[in-house]
Amino acid sequence: MNTMIDACHQAEFLMQAYLDNALSHEVAAIVDGHLAGCAWCRDAYRFELRFRSVVKERCAEDGPCREELRARLRGCCQEQHDWADAPGAGA
Amino acid sequence: MEAEPETPTIPETEPGAPRALAVRARARVRFEEDALALADDAYRVARRLSQSSAEAEDLVQEAYVRAFRSWQQFRPGTNLRAWLLRIVHNLAIDAGRKKARTPQIEPVEEGDYYLYQRMAGSQPEETDAALDRLSQGGVVEALGTLPHQYRETVVLVDLADFSYQDAADILDVPIGTVMSRLHRGRRMLKSKLAHSLEDGSGA
Chain A
1 MNTMIDACHQ AEFLMQAYLD NALSHEVAAI VDGHLAGCAW CRDAYRFELR
51 FRSVVKERCA EDGPCREELR ARLRGCCQEQ HDWADAPGAG A
Chain B
92 MEAEPETPTI PETEPGAPRA LAVRARARVR FEEDALALAD DAYRVARRLS
142 QSSAEAEDLV QEAYVRAFRS WQQFRPGTNL RAWLLRIVHN LAIDAGRKKA
192 RTPQIEPVEE GDYYLYQRMA GSQPEETDAA LDRLSQGGVV EALGTLPHQY
242 RETVVLVDLA DFSYQDAADI LDVPIGTVMS RLHRGRRMLK SKLAHSLEDG
292 SGA
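Chain order of the listed sequences is A and B. Residue numbers are given in the working numbering: position 43 of the first sequence equals residue 43, and the series is strictly consecutive. Offset between the second sequence (1-based) and the working numbering: plus 91.
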């Protein structure tokens, strides 16, 4: 029983790096093995995965930048060209 | 008979040579097109590092001005998105210094499954429903309460999908610092969301 609890703690400790694909194959395989046999940790893994997705979705709801900002950026680009092309500015 | 003097030729490797100028102009246009195509990414990151959309737009504009000015410092073939967002990040830091600091909150001691343990029901559908209760305002507000160094790391890795190494390059910190800040930042975010859900403000 204690071995299982230790394995769950280890899986929890490694979970974020596991989700980030930042573990070595060997260590990831240990987590894979634990998740295959532990329903509680499997549910926690699902939750963590979905939590990340929800956070990302909610934070993306601001949408892309406005057309007005794009126009401003294109204007900045043109200004830099004009400045660089001005006599005496140097190439 | 005197030899006719050779017509002086400008080596094509000279910066002022016509071919070199044409190559440079093409590289510049390519850089500008690629940079402008990243405006959405730059805005999204800037928005999460700023207090308002107007502030984020100004931040992005200033970043692009600097990028267009110093485009030759970008090495083609390297990560333009990371290069550009490094400028955004540096400007956000500068802007942050001019304002009152975000109130510091103590790093939480709870484990990584803290939110799961607080929200989990007996059925997976219940945890899914609990996550669905997280509103945009609740998540954005919770993220906004994180101290800057944690927030920017979470934004770069979890929202902008940068690798640990890219985030370390953008933030100019060791990769271990990115991992540590990410770890703490995520825990803080979960703790904040758990509390806001419990008191009803985040749902």
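Note that these hints are calculated values from the structure, not bench results. Every residue, glycine too, gets a C-beta built ideally from N, C-alpha and C. Mixed in with the good hints there might be a few duds.
[Stated by the list, open to error] For the chain B half of the interface with chain A, some residues (derived, Cβ under 7 angstroms), not all of them: (1) A113; (2) L129; (3) V156; (4) Y205; (5) Y207.
[Stated by the list, open to error] Incomplete in silico selection of chain B near chain A, CB under 8 angstroms: (6) E148; (7) L171; (8) G202.
So, going through the hints one by one against the coordinates:
no.: 1; hint: A113; in the structure: 12 angstroms, violated
no.: 2; hint: L129; in the structure: 10 angstroms, violated
no.: 3; hint: V156; in the structure: 5 angstroms, holds
no.: 4; hint: Y205; in the structure: 10 angstroms, violated
no.: 5; hint: Y207; in the structure: 4 angstroms, holds
no.: 6; hint: E148; in the structure: 5 angstroms, holds
no.: 7; hint: L171; in the structure: 15 angstroms, violated
no.: 8; hint: G202; in the structure: 6 angstroms, holds
Comparing the model with each numbered hint stated earlier shows that hints 1, 2, 4 and 7 do not hold.
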